[in-house]
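Asks: Starting from the structure of chain P, add chain D where the hints point.
Listed in order, the protein sequences are those of chains P and D. The first sequence begins at 1 in the working numbering and counts up by one. The second sequence begins at 1001 in the working numbering and counts up by one.
Bear in mind the hints are in silico, worked out from the structure with no lab data behind them. A few of these clues could be false.
[Unchecked claim] Some chain D residues judged to face chain P by a derived CB distance under 10 angstroms, without partners named:
#1 1068
#2 1117
#3 1120
#4 1207
[To be verified] DSSO-like mimics (lysine-lysine), calculated; alpha carbons at most 30 angstroms apart, straight line:
#5 84(P) x 1025(D)
#6 1073(D) x 1095(D)
#7 1073(D) x 1025(D)
#8 84(P) x 1095(D)
A virtual CB, placed ideally from N, CA and C, is assigned to each residue, including glycine.
Here is how the chains run, residue by residue.
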Amino acid sequence: MRVLFRRDIECQQFVELITDYLEGALPRGLVKAVDRHIAACPDCTEYLAQMRRTIQITGHIDGQIKGEPPPQPLPDEMLDALQKAFEEFHNSAGA
Amino acid sequence: MSVPLPLPPRPLPPDESSFVERLRKGDSRAFRELVTLHQASLIRLASSFVPSNAVAEEVVQETWIAVIRGIDKFEQRSTLKTWITRILVNIARTKGVKERRTVPMGSLLSDTADHAAVSPDRFSGPPGRGEWSQPPARWSELPEEVVLSGATIALVIDTVRLLPEQQKWVVMLRDVEDWSSSDVCDALGLTEGNQRVLLHRGRSTLRSMLEGRLGVAS
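Extracted from the complex, chain P is given alone in its bound form (with noise of 0.2 angstroms):
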């Protein structure tokens, strides 16, 4: 079944084009070349579902820092003192 797709693309460039293809960045005529490489390719259709789900768990971090609890919300007296702030700089510069 593969062979008769080989004057179109391989698992090794199919890997550099993953992330065109899913940002929909390639031209048309690559995009057929690549869906016809992944309904032909057990492999890469297996590597693309492992992109998705490196997106998928990435997107489950939340930026914490190895050894400390996840960053807190903001406190009500450091909301207090951005607003005093805010409220001082603008009657300083409305003055």
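Replies: Frame of chain P; chain D shown alone:
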């Protein structure tokens, strides 16, 4: 360790130009709203670029002060969100450079390293046009609790923190904060093409690190 929940949507204020007008007129309720809306995302971003939560909080604090001082000059060529993030990026970059002098935690993954998404050793055939000789494992057969385990998430957090800086900003904004590519280009001053190259390198590195944990060969 538990799996963090997906991030809640962060809608922009519906009518941004009237919102900006309120800020310019000194409406402190609007400013509180703005801080509350963006604080969590700014802290998350800053935390990935500096060595501690304390420094991240400083970066965000300085960002808000810069927003207060600069809102009159904000020309609304971009959204408030991308403008504020651009300020944060600049402050975090300056801080990151300062901190790295004392904390040797700069990127281990060089920006000039070999950029192949997958090592050429894993293909056979003509160079650059090889077929898999060591194909990817079937992650789809792994139980969900392994794929999304705390250890997996921790590995991704560590890897993101070690990405070269530009890749890290792009990955954080696109895949963690779920921004559109045009907003990312706007905030970071990148072309669409450059943004995609950075995203590709970042995501490929993450996939390859995950492969070490979730299995290499089928």
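Asks: Hint by hint, note whether the structure agrees.
Replies: Consistency of the hints with the structure:
For the restraint placing residue 1068(D) at the interface with chain P, the shortest Cβ-Cβ distance is roughly 5 angstroms, inside the 10 angstroms limit, so the hint holds. Checking residue 1117(D) against chain P: minimum C-beta separation of about 5 angstroms stays under 10 angstroms; hint holds. Restraint check, residue 1120(D) versus chain P: the minimum CB separation of about 7 angstroms is within 10 angstroms; hint holds. Interface hint status for residue 1207(D): upheld, as the beta-carbon distance to the closest one in chain P is roughly 4 angstroms, under 10 angstroms.
Note on residue 84(P) and residue 1025(D): the hinted pairing holds, with a Cα-Cα distance of about 15 angstroms set against a maximum of 30 angstroms. Simply put, residue 1073(D) and residue 1095(D) have alpha-carbon atoms about 24 angstroms apart, close enough for the 30 angstroms limit, and the pair holds. Taken as a hint, the residue 1073(D) and residue 1025(D) pair is honoured in the structure, with Cα atoms around 13 angstroms apart against an allowance of 30 angstroms. Distance check on the hinted pair: residue 84(P) and residue 1095(D) sit about 25 angstroms apart at the alpha-carbon level, within 30 angstroms; holds.
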